[in-house]
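Take these sequences, add in the hints, and give me the full structure.
First to last, the sequence lines map onto chains A and B. Counting in my numbering, the first sequence runs from 5 upward without gaps. Counting in my numbering, the second sequence runs from 5 upward without gaps.
FYI, nobody ran anything at the bench for these hints, they're computed from the structure. Just to be clear, a hint being listed does not mean it is correct.
Repeated chains share a single entry, so a pair holds when one copy, or any two copies, can fit it.
[Unchecked claim] Taking lysine-lysine and the DSBU-like style, the derived pairs with C-alpha atoms no more than 30 angstroms apart in a straight line are:
hint, residue 1, residue 2
1, K146, K338
2, K284, K31
3, K334, K150
4, K221, K571
5, K466, K344
6, K370, K338
7, K457, K66
8, K494, K130
9, K69, K457
10, K264, K146
11, K221, K130
12, K150, K264
13, K150, K221
14, K401, K571
15, K146, K221
16, K309, K35
17, K142, K512
18, K387, K290
19, K142, K370
20, K142, K387
21, K512, K571
22, K66, K365
23, K285, K387
24, K66, K264
There are 2 protein chains.
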Amino acid sequence: MYRSHTCGELNAASIGQEVKLSGWVQKIRDKGFMVWVDLRDRYGITQLIFDEERSSTELMEKAQKLGREFVIQVSGKVIERESKNTNIPTGEIEVLVTEVTILNTSLTPPFTIEDETDGGEDLRMKYRYLDIRRNPVKNKLKFRHKVGMEVRNYLSNQDFIEVETPYLIKSTPEGARDFVVPSRMNEGQFYALPQSPQTFKQLLMVGGMDKYFQIVKCFRDEDLRADRQPEFTQIDCEMAFVEQEDILNIFEGLTRHLLKEINGVEVADFPRMTYAEAMKKYGNDKPDIRFGMEFAELNDLAKNKGFNVFDQQELVVGIAVPGAASFTRKEIDKLISWVKRPQVGANGLVWAKYNEDGTLKSSVDKFYSEEDLKTWAEATSAKPGDLILVMAGDANKTRTQLSALRMHLGNELGLRKADEFAPLWVVDFPLLEWDEDTQRFHAMHHPFTSPKKEDFALLESKPGEVRANAYDLVLNGNEIGGGSIRIHDKETQSKMFDYLGFTPEEAKAQFGFLMDAFQYGAPPHGGLAFGFDRLVAILGGQESIRDFIAFPKNNNGRDVMIDAPAKLDEAQLKELHLQIDNQKEGSKDIHEK
Amino acid sequence: MYRSHTCGELNAASIGQEVKLSGWVQKIRDKGFMVWVDLRDRYGITQLIFDEERSSTELMEKAQKLGREFVIQVSGKVIERESKNTNIPTGEIEVLVTEVTILNTSLTPPFTIEDETDGGEDLRMKYRYLDIRRNPVKNKLKFRHKVGMEVRNYLSNQDFIEVETPYLIKSTPEGARDFVVPSRMNEGQFYALPQSPQTFKQLLMVGGMDKYFQIVKCFRDEDLRADRQPEFTQIDCEMAFVEQEDILNIFEGLTRHLLKEINGVEVADFPRMTYAEAMKKYGNDKPDIRFGMEFAELNDLAKNKGFNVFDQQELVVGIAVPGAASFTRKEIDKLISWVKRPQVGANGLVWAKYNEDGTLKSSVDKFYSEEDLKTWAEATSAKPGDLILVMAGDANKTRTQLSALRMHLGNELGLRKADEFAPLWVVDFPLLEWDEDTQRFHAMHHPFTSPKKEDFALLESKPGEVRANAYDLVLNGNEIGGGSIRIHDKETQSKMFDYLGFTPEEAKAQFGFLMDAFQYGAPPHGGLAFGFDRLVAILGGQESIRDFIAFPKNNNGRDVMIDAPAKLDEAQLKELHLQIDNQKEGSKDIHEK
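Okay, here's the thing in C-alpha cells:
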C-alpha cells in the first residue's frame, strides 16, 4: 500500500498517528539541521519534517537530495507543528519522517508548479500534464466534473434518458464544415463526425424516447477563433409532446439547480425577451443584463437639429454610462479610438456629460441646447454623474457597434461581476437570415426549426420577417444554450429545404431518412443544447473555456503536447484508398525540372 | 400543453378525473358501436374508449379512421373498465374520450411495433426509429442509462473525477487500425480517433489527478466480427499510488454495487485465478465458472494403456458432463461432429458413461478396464449419471477445443443461467505473446503494462514466460474489464518498446510525449477499462450487445438507416487536400481503351 492517508486529510486530531503518505515534493526548505518538505497530492499539502536530532544521518542526507516534483513515499508520525498555518486544513500538524522512498525522480520542471506560474501559454500546453498539477487547472477540471454530475443527476431525476448517438455518421454540406473519416471497408467513402446529434435526437423522439439527453462531444472544422475548439462538449436534449413553454421551464429548472448547487446562488424566474427587443435594447441577441445601460433611440430627439452627421443616418442611439461624467477628455478620446478600431468600425462617438450639479455639456453643444441634452438624459435614463454616449449610422451596424462599446465599458468599469448571475431567455428568433455571400436565405438556427404558425404566411412574401419557435438561454452576456421546436411533418420539412435552396434530390440524399421517419408517426418535439465548455466556464466565473478542458488544442487545431495532427505512412494511406493531393508541390516540381 | 398525464400513470385512483393524453395508436378494436384504442407512449399503454351512446357521431367517425402508429392527443374522463387487465398498471381504467386530435398520421409501419415483431434484422436496422418504439429495445436503452448513472455515481462517490480526453489525437501503428481524420488546416496531416484514452489517462496520473474515470466512445477500424462495433463505449479508469490489489478491490466494489443495484444480486468476494490456472482448468482465459466441468488432465491415467491415439499426444484431458450419461448414441455422435467442425477443429472425442448404477462404459472399452475408467471418473469428479468426455492432442489447441465443447454443453444443457452471476478475476497474464505472422513478440495487453518485478530477469532469456501485472474481470464467461499496473519510468518504457521491435526513433515519434512525461515525476499508477456495451448486455442477461446500442452499425461498418459512410463531393475532398486512390479502376480503364 502506497499510503494510509492523502496529503489533505491529517489534522490536529491525527496527532500521534503513524502514517504513510505519497506525493510530489512541492517545496524544500533546508536549514542544514532541519529539512522541511511540502508534500503535495490531489487532496492537499502536508508538511514533512526531517530533524538532525530526531532523524538518522542517512535519512537527513536522503532528504537533502530531494528535488522539486520528485515522487516520494514517506512513513512517519504526525506531530504538532510549531508555527501553525491556519490557511490550510493540515496547517496544525507536520509528519516527522522515519522512512523515505523515492518513487520517481524529476527533471526540473519547465515552469513552476504553483498557483501563479512563470510558464507561458505555449509551454503550459506542451507540458499540459505538469500544468494540470497546478491548483487552478486541477480545480477547474474537478469543477467541470461536479457540474457534469449535477446535470446528469438532475435530468435523470426528471425522467430524461441519456442515449449515446453515433460518432461515425454522414457528412452534410449545410452549416459548418464536417470533419470526415475515410472508410477502409467502403472504398472511397467517408463517415463524418457529428457537429451535433441533431437528427439522431429527433429520430429518438420519433422512436418514442420522449425525454432524451446526452453530454456529448461534437466536432466542427472551422477556422478557429480565439476560445473555440474543433472538438467541444454539448449537453444535448430533446423532448416530445412539448411546446416551447414546457422546454423553457424544464431547462430553466436545470439552470436554476446548477446555480444553486454549484454557486450557491438563488435566482428568480428568468426574464424573457424577444430577439427584436434584445436587438433594440442591447444591440445584441445575448445581452448581459447585469448592468443597465439600455439603448435609447434618439432619432426624434437628435435629428433635424442642424447636426448633419445625425440627420443623414438611419439610427441615432445612445446609452448612459453610470458615474462616467467624471471621465477626462483623454479617457473619452480613448473610447473614441476604441470604437474606431477596425474590429468595431464606428465612425465616431458623440458624448454628453450629465454633471453632478445637474448641468449638461456635450461634444455637440453647437447643435444641441442643454434643454435638448436633457431630453437625451431622460431617454437614456441618465442620472447626474453619468456620461451619455451616442452613435449614429445604419441601424443594424450601429446597434452592433454600440453593443460592443457597452460590453467594453461593462468590463472596464467592473460591472460584469463573476459572482453575479443574470440568466435570460431570448425568444422568437428569426427563422431565416440573409447571406450576402451566397445571396440566399440560410436557416438562422438550423433547417429543422419550425416557423411560428402565425408567420407561416409570410414565408413567400417576407421570408426575413418569419419568426421561429427558437430560443436561446443567455447567461451574463454569453449564449449558453439554444434550441427550437422542430418541424415534425414531411411536407413542412420538404418546403423548408426548398426555401433553403436544396433541390429535392439533395434534400433526399442528405435528410431522406429523417423525412421518411416523419411519415411514420413523428410526435411534436423540440429541444435545446447547452455548450458545456462555456457553461462550466461561466459558472466558474471565467470567460475562457481553455482551462476547463483537460487537453485543449491551439488556434491551429493542433495538440502541441502529442504533436497531432501528423503525417500517416504510405501503407496506411493506401489501405484507406487515399492520396495526398499536393498539387502545389506537384506543379512546382515541373517548373524546377 | 399536450398532456396532463402520461399513458403509464392513470389507475383506479384517477377515476373521475378529466385528463389529456398524447401518444401512438398501438391497437384499434372497432365493434361499430364501440371503438377501443390502446394509446402508447414511453411510459405505458392506456385504453381509450369511444362509445356510440356516450360519444358524438363525429367523434365515432374520427375514431374509426385512426390507423396504427398515428400520433393523437385526446381529452376525456377516466372511468372504470368493465373487463379489467391486471397485468398492466393502467388495466383497471379506461379513458372515455370527448375530443381527439390527430397530431400526425403514419404510413403502415414496415414491421409490427410489438414485443415480438415480424421484422427481420435488416428491416429493423433501416427503420431503427420504429424498432426503438418496441418495448424490448426501448427497455434496453433505459437499462443502459441506468447502469451508466450507477457507474458514474459510484465512482464519483469514491472520489474519481470524470475527465474528458480528446477525440482528435494521433495515429499509432501499434495494435488495431485507427480511424483517421484528415486535417484541412494542416495540409496532408491526419488526426486519429482514439482506440482508448490510454496515454491520456496515464498523463492525467502524471498530472496528479489521482483517480480518473470516463465513460467514453472508442474506435477501432477492424474487420468486424459478429457483435463487434467500429465505435464502442468504455468505462475507462486510472489510479495513482496503487498496487494491483487496490485496483482489484475498487472495481470489485463497483461490480458488486452494480450487481446489487441493477440485478438485486449479492455476490461474495470475487475469486481470483491466475491465467495459467484458468488455461489449465478451463482452457480459457475468461472461464464461465457458473457450472463446474473443470478440466482433468489424464496423461498419467490414460497414456501407456495401449491406446495409440492417446499415447502419441501431448495432452489427454477430460471433463464430466453432469447428468449426461443418459445421452443416446445419436446425441453423442452429434457432439463428435460438433467438435470436428472446422470452427473447433478437433480430431474426435472419447466418451465414458458413468451410469446411475455405478457401472462404466466407454467408447474405448477395448483399451481401458472399468477400473481404469473409475480413475478417470475420480479425476474429473464425475458422479454416477455423468458423461465423461476426453480429448487429446497438442496441449494448447486441445485445451481451446475442450473449452469450446464445455461452453457449447453449458449452453445446450441450460447451465449458463442469465440471472446467475459469477464474477472472477483472472490475474498474472503473460506480458508478451508470440505472433506467428510477424515472427516477434507483441504486448498481450499493451506496451505500457509493467512486467512483474520477479520475472524481469526472464525478459532476455524467456520473454514468453514473463508475467505482467495485468488482470481481467470476467463475468459469466465474458471479459468485461481488463487492465494493468503501468510502467512509470522512462527507462523501463524505452526497454519495453525495444523488446516490442520499435526503433528508438519510432518510439520517440509515437510515444515521446509519454516518455518525456515520465521524466517529470510520474507516480506509480494503473487502471482498467470495462467494455460498457458488453457489461450492460451481460447485466441485462443477454450476450448480444446490438440492441443495447441505439444506432448500431452492421457487419460492414455501415449505418443502413442514414446510409453512411458515403461519398464526398469533389470540393470537399479538395479542401482536405485528398484524392481517392482508385488504382484498380484506373488500370482497368487503360486495358479497356
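Hint check results:
1. K146 to K338: Classified as neither: same-chain Cα gap 41 angstroms, cross-chain 59 angstroms, threshold 30 angstroms.
2. K284 to K31: neither (56 angstroms within a copy, 53 angstroms between copies)
3. K334 to K150: neither (46 angstroms within a copy, 63 angstroms between copies)
4. K221 to K571: The answer is both: 24 angstroms in one copy and 24 angstroms across copies each meet 30 angstroms.
5. K466 to K344: This pair counts as neither: shortest intra-copy Cα distance 34 angstroms, inter-copy 75 angstroms.
6. K370 to K338: For K370 and K338, the Cα distance is within 30 angstroms only inside one copy (22 angstroms; across copies 109 angstroms).
7. K457 to K66: between (79 angstroms within a copy, 24 angstroms between copies)
8. K494 to K130: So K494 and K130 pass the 30 angstroms test across copies only (18 angstroms; inside, 50 angstroms).
9. K69 to K457: Answer is between; shortest inter-copy Cα gap is 26 angstroms, intra-copy 77 angstroms.
10. K264 to K146: Both, since 18 angstroms and 28 angstroms are each at most 30 angstroms.
11. K221 to K130: So K221 and K130 pass the 30 angstroms test inside a copy (23 angstroms) and across (25 angstroms) alike.
12. K150 to K264: The answer is both: 13 angstroms in one copy and 25 angstroms across copies each meet 30 angstroms.
13. K150 to K221: This pair counts as both: shortest intra-copy Cα distance 18 angstroms, inter-copy 21 angstroms.
14. K401 to K571: neither (44 angstroms within a copy, 41 angstroms between copies)
15. K146 to K221: Both: 18 angstroms inside a chain and 21 angstroms across chains, each within 30 angstroms.
16. K309 to K35: neither (79 angstroms within a copy, 81 angstroms between copies)
17. K142 to K512: between (48 angstroms within a copy, 28 angstroms between copies)
18. K387 to K290: For K387 and K290, the Cα distance is within 30 angstroms only inside one copy (26 angstroms; across copies 78 angstroms).
19. K142 to K370: Answer is neither: 59 angstroms inside a copy and 74 angstroms across each miss the 30 angstroms cutoff.
20. K142 to K387: neither (45 angstroms within a copy, 61 angstroms between copies)
21. K512 to K571: between (36 angstroms within a copy, 15 angstroms between copies)
22. K66 to K365: Answer is neither: 74 angstroms inside a copy and 73 angstroms across each miss the 30 angstroms cutoff.
23. K285 to K387: Within one copy only: 18 angstroms inside, 88 angstroms across.
24. K66 to K264: neither (49 angstroms within a copy, 49 angstroms between copies)
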